[in-house]
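Participant: Top to bottom, those sequences are chains A and B.
Mapped onto the numbering used here, the consecutive letters of the first sequence carry residue numbers 1 to 93.
Mapped onto the numbering used here, the consecutive letters of the second sequence carry residue numbers 1 to 161.
Careful, some of the hints might be misleading.
[Claimed, not checked] One-sided excerpt, in silico: chain B residues whose CB lies under 7 Å from chain A: (1) Glu32; (2) Ile35; (3) Asn39; (4) Ala41; (5) His136.
[What the hints assert, rightly or not] Take a look, some chain A residues computed to stay more than 12 Å from chain B by CB distance: (6) Ser13; (7) Ala27; (8) Asn36; (9) Asp39; (10) Val48; (11) Trp51; (12) Ser55; (13) Ser62; (14) Phe70; (15) His80; (16) Pro81; (17) Thr82.
[Unchecked claim] The following label-pair restraints were derived from C-beta to C-beta distances: (18) Tyr150/B with Arg43/A: 31 to 39 Å; (19) Ala120/B with Ala30/A: 30 to 38 Å; (20) Ile75/B with Ser14/A: 42 to 50 Å; (21) Trp51/A with Met1/B: 44 to 52 Å; (22) Asp57/A with Pro159/B: 35 to 43 Å; (23) Gly88/B with Glu31/A: 44 to 52 Å; (24) Gly16/A with Arg131/B: 21 to 29 Å; (25) Gly16/A with Ala124/B: 24 to 32 Å; (26) Asp92/B with Ala56/A: 31 to 39 Å; (27) Ser135/B with Ala56/A: 25 to 33 Å; (28) Gly62/B with Trp51/A: 46 to 54 Å.
Simulated from the structure, these hints should not be mistaken for laboratory data.
Keep in mind that this is a model prediction, so the values were computed, not measured.
We put the CB at the ideal spot given by N, CA and C, even for glycine.
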Amino acid sequence: MKDWPLWEVFIRSSHGLAHKHVGSLRAADAEMAIGNARDVYTRRNEGVSIWVVRSADIAASSPGDKEPLFDPARSKVYRHPTFFQLIDGVKHM
Amino acid sequence: MSLFDYVLRLGDNALILGQQLAALTGHGPVIEEDIATANIALDLVGEARLWLSLAGEIEGAGRDEDDLAFLRDEIDFRNLLLVERPNGDFADTMARQFLFDAWHEALLEALSASTDARVAAVAAKSWKEARYHLSHSGGWVIRLGDGTDYSHGRMSGRPAS
Numbered sequence: 001m002k003d004w005p006l007w008e009v010f011i012r013s014s015h016g017l018a019h020k021h022v023g024s025l026r027a028a029d030a031e032m033a034i035g036n037a038r039d040v041y042t043r044r045n046e047g048v049s050i051w052v053v054r055s056a057d058i059a060a061s062s063p064g065d066k067e068p069l070f071d072p073a074r075s076k077v078y079r080h081p082t083f084f085q086l087i088d089g090v091k092h093m
Numbered sequence: 001m002s003l004f005d006y007v008l009r010l011g012d013n014a015l016i017l018g019q020q021l022a023a024l025t026g027h028g029p030v031i032e033e034d035i036a037t038a039n040i041a042l043d044l045v046g047e048a049r050l051w052l053s054l055a056g057e058i059e060g061a062g063r064d065e066d067d068l069a070f071l072r073d074e075i076d077f078r079n080l081l082l083v084e085r086p087n088g089d090f091a092d093t094m095a096r097q098f099l100f101d102a103w104h105e106a107l108l109e110a111l112s113a114s115t116d117a118r119v120a121a122v123a124a125k126s127w128k129e130a131r132y133h134l135s136h137s138g139g140w141v142i143r144l145g146d147g148t149d150y151s152h153g154r155m156s157g158r159p160a161s
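Use the sequences and the hints to build the structure in full.
Facilitator: Next up, the structure:
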């Protein structure tokens, strides 16, 4: 059982539209991973839908690439749409 | 058999098996399975409370769920002998669970259509839980049956070695 692969678990709550990452667990196959996720992560009525994906199948950015990946966006404030004049009557923007 | 006796049987089955599974808490082969087992134990104890409360109500002698659960001698329990089988190892536990779940799920589905509204209500609530229990233990029986020669043998009734 220590050879079981690691799975990442995503739960969609009854209030949310998107599945959110909630944690990880070990399981022999996808069916067991969903069952385990149900038992570990939805005991308190947290979810209406479960996704599981093998952790090994997730490609992640490297922490070492943080500067080239994310720093260039810092100086580009114009990408935030905060400079527009809103016409009267537009609310909740 | 009176309705009281019948409902008492249902409560005793769930109570004894729930206690048996609860005793495994902290001893699961992996933490995920440990939590699953504890969840199922809690489902069964919860179901036992409903049946025993109803039994006390039907009896009308002033006994509540606690009186029926804790203040009877062992000879007065009406559970199936299957649920008294020792937990044994994981194969024993799962085989016992699967046999119980397969019966329990079908029974609760049928009782959900009972003409007694109280029986139907408890059965309908517990049936949802029992469906999950059956898919959990059934999944393990298949998985162990498809596993090694040893696990296949254990699911076919061969004793532990």
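Participant: Next step is simple, just say for each hint if it's right about the structure.
Facilitator: Okay, the hints, checked on the actual structure:
Look at glutamate 32/B: its Cβ gets to within about 4 Å of chain A, closer than 7 Å, so that hint holds up. With 7 Å as the threshold, the beta carbon of isoleucine 35/B comes within range of chain A, its nearest partner Cβ sitting at about 5 Å, so the hint holds. Taken as an interface hint, asparagine 39/B checks out: its beta carbon lies about 5 Å from the nearest beta carbon of chain A, inside 7 Å. Hint on alanine 41/B is violated. Least Cβ distance to chain A is approximately 12 Å, over the 7 Å limit.
Hint status for histidine 136/B: holds, given a least beta-carbon distance of 6 Å to chain A, under 7 Å. Distance check for serine 13/A against chain B: the nearest CB is about 19 Å away, which clears 12 Å, and the non-interface claim stands. A Cβ of chain B approaches the Cβ of alanine 27/A within 12 Å, the least distance being about 7 Å, so the stated non-interface status is violated. Look at asparagine 36/A: its CB is around 4 Å from the nearest CB on chain B, not clear of 12 Å, so calling it non-interface is violated.
Consistency note on aspartate 39/A: stated as away from chain B, yet its beta-carbon is not over 12 Å from all of that chain's, at 4 Å minimum. For valine 48/A, the non-interface assignment is confirmed: its Cβ lies about 15 Å from the closest Cβ of chain B, beyond the 12 Å cut-off. No Cβ of chain B comes within 12 Å of the Cβ of tryptophan 51/A; the nearest lies about 17 Å off, and the non-interface call holds. Listed as outside the interface, serine 55/A is consistent with that label: its C-beta sits roughly 14 Å from the nearest C-beta of chain B, beyond the 12 Å cut-off.
Every CB of chain B is more than 12 Å from the CB of serine 62/A (nearest about 29 Å), matching its label as outside the interface. Here phenylalanine 70/A stays apart from chain B, with its beta-carbon at least about 35 Å from theirs, past the 12 Å limit. Taking the minimum C-beta to C-beta distance to chain B, about 42 Å, the non-interface status of histidine 80/A holds against the 12 Å cut. No beta-carbon of chain B is positioned within 12 Å of the beta-carbon of proline 81/A; the least distance is around 44 Å.
Chain B leaves threonine 82/A outside its interface by the beta-carbon criterion, the shortest separation being 46 Å against a cut-off of 12 Å. Take tyrosine 150/B and arginine 43/A: their Cβ atoms lie about 33 Å apart, and the range 31 to 39 Å holds. As the Cβ distance of alanine 120/B to alanine 30/A is approximately 36 Å, the hint placing it in 30 to 38 Å holds. Checking the proposed 42 to 50 Å range against isoleucine 75/B and serine 14/A shows it holds: the Cβ atoms sit about 48 Å from each other.
At about 48 Å, the CB distance of tryptophan 51/A to methionine 1/B agrees with the hint of 44 to 52 Å. A hinted range of 35 to 43 Å holds for the C-beta pair aspartate 57/A and proline 159/B, which are about 40 Å apart. The hint said 44 to 52 Å for the Cβ distance between glycine 88/B and glutamate 31/A, and at roughly 25 Å that hint is violated. At about 26 Å, the beta-carbon gap between glycine 16/A and arginine 131/B stays in the expected band of 21 to 29 Å.
Distance hint for glycine 16/A and alanine 124/B: a CB-CB separation of about 29 Å, consistent with the stated range 24 to 32 Å. Between aspartate 92/B and alanine 56/A the beta carbons are some 34 Å apart, a value that agrees with the proposed interval 31 to 39 Å. A hinted range of 25 to 33 Å for the beta carbons of serine 135/B and alanine 56/A is consistent with their spacing of about 26 Å. One distance hint, 46 to 54 Å for the beta-carbon pair glycine 62/B and tryptophan 51/A, holds here, with the actual separation near 51 Å.
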